[in-house]
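Trainee: Okay, here's what each chain looks like letter by letter:
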Amino acid sequence: MQSDLKALKIDEGELETLSGLDVNDLFVGGIFGGTYRPSVWRDSKKLFFFCLTEISVFVLILVFTLPIGFILTQNPTPGMGEIQRALQFLTINLSVAGVLMLGWNFYLWNKQKSLASVAKLLDEVDKYNEVIKAVEIIDKLATVGHLPANLINREEVLEALRVTRESLVCALMTEKILRQHKSFIARRHELFANIENNLLALRTLEVNSQANEYGRLLNEALEIGMSVYKEVKKLQN
Amino acid sequence: MNYFTVLITLLRDRENFVQEIHHQARLKTKITALLISSSIFLAIYGGIIGAFASPLQVFASAIKLPALYLITLIICLPTLYFFNAFFGSKQTIGQNLALLLTAISITAVLLFSFAPVTLFFLITIRNYQFFILLNVLIFALTGFIGISYLYQIMRPESEQLELASVPLMEHQAEHDFVVVDADQKPKKSHKNLAPEVKTRTNILRFWLGLYAFVGCQLAWTLRPFFGAPGQAFELFRPREGNFYLSVIQSLIEILMN
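Top to bottom, those sequences are chains A and B. Under the working numbering, the first residue of the first sequence is numbered 3, with each subsequent residue one higher. Under the working numbering, the first residue of the second sequence is numbered 853, with each subsequent residue one higher.
Worth flagging that the hints you see were computed from the coordinates, not collected in a lab.
Distance windows between CB atoms, simulated: (1) B:Thr861 x A:Ala136: 23 to 29 Å; (2) A:His183 x B:Pro968: 50 to 56 Å; (3) B:Phe996 x A:Phe108: 38 to 44 Å; (4) B:Thr944 x A:Lys142: 39 to 45 Å.
To spell it out: a stretch of chain A is covered by chain B in this simulated footprint if at least three of its residues, at any positions, have a beta carbon under 8 Å from a beta carbon of chain B; those stretches are: (5) 5–19; (6) 29–38; (7) 56–63; (8) 77–87.
Ideal Cβ placement from N, Cα and C applies to all residues, glycine included.
Hey, can you work out the whole structure from these sequences and the hints?
Mentor: Okay, structure coming up:
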């Protein structure tokens, strides 16, 4: 990846700083204490890993609830065989782990409401990073000569990405501030105005570049910008 | 999966990984990933040692071995955290947990790396005493490496060094819009910190002893892990005596004969 594209990419570490939450492909705010990202249900690969995570957490709960089964099976009824004791232990442990698992899933579901905005913005960040990936691929194709270099208005696309990045950063910061300090914060108006200006800049870029190879990517950048704008407007209200 | 990526990052770049923990970077992700990956590795090794006796023992040991390491950690964690906090440590309980999990994960990975060797001897030699001895050596070696690593990364000196290594300006730039806690600055001179550091180093040594003490007793309580050949499956052996009494009794028996 070229250094200019690398600098534009928003990685997980930066997302953590901007949103104040641990972020990965599946969860926002971490497995324990956060919630799953809505995109989990739309992507089969993510859904598969989410199911694996559920199994792993279940095993982990089983490990940590072992003392409960151990204590409750310490005084077996007379005549009870070792296999029956093991079954009793298993029943107790699986029941406790099952209840805790249900509780954890309910917590995830409940927490989703409070983190809906940041989850939506993170989906936009994913889209933005995908656009960067697309630019990288086009760059590589152009390098090996599959695409004529003059067909690509690279500078304009990078400018669009820079503006989009700024909007995303502003939106994530606004969301973080509003989440952490739900009362009035003067700075949010400034950030919101910044996003509006960025959206205008993106629209201008899109008009200029409709005819070239990067039109589609610019359009995607504009769509991300629009989503960010809508999300921040929602937060404002 | 993402959890194993975190573990691989730990193995490849331990210094940076620990530094990130000292600066609370992606702490929750690290804790979760280390918890899950170390449990899986320990469960696999537990299953292998349980395979010496019976299929039921495989499942029992696969749950017991991660429980042994992780429950010991949970039992001993508050002691370490509160004692350290009392003697001036700025680390959170999450950071303490992450550092301890780092050592347990290293132990788990090393145990897992011995799994083919253990499996080989399990298949080729059906000698209970040899199998026990082999595993005692493996557990001792991996445990020693894990504990030595933990001692290195938990020493108060390393905490001070890690925190002092990043200039404050860089720290502030990373946390724009976040109020930087003035207490996090290494404002005391190294000379002034010396008695504090010495006390905390002693606390750490004491805690490592406590961790081993609790771990041995929990292992005794959760036994059998191997399951003696020719004996019926036992989920847990009767709760009689303790690990230390048993060791003393064994020593007396050896000396009397």
